[in-house]
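> So the chains spell out like this:
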Amino acid sequence: MRPLTVAGVAAVAAGLFAALDRGIAAAVSPTSAVVTLLGVLGLAQGVRYVNARRDRRQLLTDPGEPERRAPATVPGSALDERIAQVASPAPGGYQSRRDLRGRVREAAVVAVARDRNCAREAAAEAVDDGTWTDDPAAAAFFDTRTGYPVRVRLVAGVRGRSNYWYGLRAAIDELERIDGGEP
Amino acid sequence: MSESRDAAVAPGSADSDPDGSEASDAGASAAKEATGAEVSEATGAGESDATGAESTETATDRERRREVATDRWLGIAGAALSLVGLGVLVRQSALVLAGAVGVGYAVYARAGDAPPPTLAVTRSVSDAAPEPGDEVRVTVRAENVGERALPDLRLVDGVPPGLAVVDGPARVATALRPGTAVTFEYTVRGARGDHEWEPLTAITRDAAGARERVSDLDAPTAIACTPELSAGGDLPLRGLTTVHHGRVPTDVGGAGVEFHATREYRRGDPLKRVDWNRRARTGELSTVELREERSATVMLLVDARESAYVAADPDAETAVEASVAAAGQAFSALLDGGDRVGVAALSPLDCWLPPGSGTVHAARGRETLATDPALAPTPSDERFYRSLWLRRFRRRLPADAQVLFFTPLVDDTAATLARRIDAHGHLVTVLSPDPTATGTAGERLAALERRQRLRTLRSAGIRALEWGDDSFPVAVAAATRRWSR
Chain R
133 MRPLTVAGVA
143 AVAAGLFAAL
153 DRGIAAAVSP
163 TSAVVTLLGV
173 LGLAQGVRYV
183 NARRDRRQLL
193 TDPGEPERRA
203 PATVPGSALD
213 ERIAQVASPA
223 PGGYQSRRDL
233 RGRVREAAVV
243 AVARDRNCAR
253 EAAAEAVDDG
263 TWTDDPAAAA
273 FFDTRTGYPV
283 RVRLVAGVRG
293 RSNYWYGLRA
303 AIDELERIDG
313 GEP
Chain A
18 MSESRDAAVA
28 PGSADSDPDG
38 SEASDAGASA
48 AKEATGAEVS
58 EATGAGESDA
68 TGAESTETAT
78 DRERRREVAT
88 DRWLGIAGAA
98 LSLVGLGVLV
108 RQSALVLAGA
118 VGVGYAVYAR
128 AGDAPPPTLA
138 VTRSVSDAAP
148 EPGDEVRVTV
158 RAENVGERAL
168 PDLRLVDGVP
178 PGLAVVDGPA
188 RVATALRPGT
198 AVTFEYTVRG
208 ARGDHEWEPL
218 TAITRDAAGA
228 RERVSDLDAP
238 TAIACTPELS
248 AGGDLPLRGL
258 TTVHHGRVPT
268 DVGGAGVEFH
278 ATREYRRGDP
288 LKRVDWNRRA
298 RTGELSTVEL
308 REERSATVML
318 LVDARESAYV
328 AADPDAETAV
338 EASVAAAGQA
348 FSALLDGGDR
358 VGVAALSPLD
368 CWLPPGSGTV
378 HAARGRETLA
388 TDPALAPTPS
398 DERFYRSLWL
408 RRFRRRLPAD
418 AQVLFFTPLV
428 DDTAATLARR
438 IDAHGHLVTV
448 LSPDPTATGT
458 AGERLAALER
468 RQRLRTLRSA
478 GIRALEWGDD
488 SFPVAVAAAT
498 RRWSR
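The listed protein sequences derive, respectively, from chains R and A.
Those letters in the first sequence? Residues 133 to 315, per my numbering, in order.
Those letters in the second sequence? Residues 18 to 502, per my numbering, in order.
Simulated from the structure, these hints should not be mistaken for lab results.
Be careful, since some hints might not be right.
Estimated spans, in silico, between C-beta atoms of each pair [what the hints assert, rightly or not]: (1) A/Glu164 <-> R/Arg186: 18 to 28 Å; (2) R/Pro195 <-> A/Arg154: 50 to 60 Å; (3) A/Pro186 <-> R/Cys250: 26 to 36 Å; (4) A/Arg154 <-> R/Ala176: 55 to 65 Å; (5) A/Val107 <-> R/Leu192: 33 to 43 Å; (6) R/Leu192 <-> A/Arg108: 33 to 43 Å; (7) A/Trp369 <-> R/Arg285: 57 to 67 Å.
This structure is a prediction, so every number in the text was calculated from the model and none was measured.
Note that the Cβ used here is the ideal one computed from N, Cα and C, for glycine as well.
Produce the entire structure from the sequences given, and follow the hints as far as they go.
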């Protein structure tokens, strides 16, 4: 048992004993100031404990789920986490946006080159100038000189998402359409 | 099967644990509290309630993981102190007395100590060598062999991560007096591989639940699940062969069954090979040459890097499982066809079964595919070094070997390695289970990239086959029709 706990137990026991036996209580006659100080100390300590409890959760051990087999990773789940980071209209995450755009662009260049049976350079040019698709949102995703359509901006503003997020989804939709789904 | 494998229990003192109140909070360094091990018979009879049998067991090895104050009573201590303080300030003895009751509870919470779980744990399994899909009943018995009661005990078994519990929770919550025991049971479904149980986690708390101690109880148990290999159809190989007779048609004229070419008759050619029709038409003697059939040396390479443990659903079989199952079918089919077959893994752990043939080799291949640590149902924590692996693989690979590469192709590394191995003269066939999903934007992009990798490999002259919902033999049969030699 901790010393402070022992002292606390002794103090409480003495207090209870004094409450029962008025003779002992009468023998101790602290001044009003001391009693007030003790009251303030007790109240302050109590409030401190309550505040500490408010900020902390119980530290009970979570044993996890050993009954469940180790879950497999779904291909693309890491990409989804990065996409979720750039879904917010708040500024920042430039590196993530640039990396994601670069990755989707690479897939777009390969898909366009195959679809149009053209050289990789020609496909890259078409992707960069937005002529690879009729979807203005998908085109604007790679073509930084062209802004996103007003409709996309409005929807993004209302739903609290970034234009980038809508452009990314439109680009992937368009890529799937071009790709055809057959390996 | 009624065979059972029992866990070990440890002799010796188990109460060498230091005073829990002096232990540090979360993250306290683990301390070994008992040593030694011996095997004893499990006595669990299936009951889940405590029994009062006399203790004859010794305590299981125990390793303390952490001991913490749970802060469960922190709020009541604050409220009690606030009441006492307020009562003193306003000179109201009723408030002080009410607070004193709360203080009593707070003291009660702090006075206790989480007792060390001095338990003798035995774990038994109904079948130590099940077939994949078989249900295995696991019985865990824990007896309190210490001198202190355990007012709040929770036991959570360390089920191997490659096994799923299909019946009953692998845990129990109870209170144990000294000499009493608790038994709980659950059922796991057998899956390919060696599966070793992790230590059982024991969580003990004092009566007030204010302090908690987490310990690991080591009770080694393992099952080995080795699937039978079944031949998966006639797998077409590429034209890199050995000099030995086999079943792979070559571009070399000689003995065989398929027409290859005609040439001028030479003395000694068998009469049945003379082209008599041509002789009748032109008067020239010519000999028919047939396509010679030879055996091949084939290395089955399974991608078992961490990135290959993927599936379209978190609870589905991973691509490594699909690859190993397909490799098993290919192994049997190729051996049956007279080819020499070996097994290797693209993994941070070394796995190499050199090409061979015969029944002993078949047994070795089955064992390798089932239980080699490099092909375990869960990924290794080791780091994979691509260049080192490739150098070692090329050094070991026989010059006339071709490679069947089983990979989900979810990253560029696998595709690059396939091209590099092929460029070094070992003809590669990529066999790819499809683990992609199409629910979210990221999943769709990953699926698109994988399809592009397959196309890139094919355009580089590498055979590539994928299978998803279809079985592997069905996919092979469909691909064989469009493949040429």
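> Check the following: the C-beta atoms of A/Trp369 and R/Arg285 are separated by a distance inside 57 to 67 Å.
58 Å Cβ-Cβ, so the 57 to 67 Å window holds.
> Holds or violated: 33 to 43 Å for the Cβ distance of R/Leu192 and A/Arg108?
The hinted range 33 to 43 Å holds for R/Leu192 and A/Arg108, with Cβ atoms some 40 Å apart.
> Cβ-Cβ distance between A/Arg154 and R/Ala176: within 55 to 65 Å?
Given range 55 to 65 Å: holds, Cβ gap about 58 Å.
> Tell me if the beta carbons of A/Glu164 and R/Arg186 are separated by a distance inside 18 to 28 Å.
Violated: the Cβ-Cβ distance is about 40 Å, outside 18 to 28 Å.
> Taking 33 to 43 Å as the stated bounds, is the beta-carbon spacing between A/Val107 and R/Leu192 within them?
At roughly 37 Å between Cβ atoms, R/Leu192 and A/Val107 fall inside 33 to 43 Å, so the hint holds.
> For the hint 50 to 60 Å, verify it against the beta carbon of R/Pro195 and that of A/Arg154.
Violated, since R/Pro195 and A/Arg154 (Cβ atoms, about 22 Å apart) do not stay within the stated range.
> Okay, A/Pro186 versus R/Cys250 on CB: inside 26 to 36 Å?
Given range 26 to 36 Å: violated, Cβ gap about 60 Å.
Checked against the numbered hints above, the structure breaks hints 1, 2, 3 and satisfies the rest.
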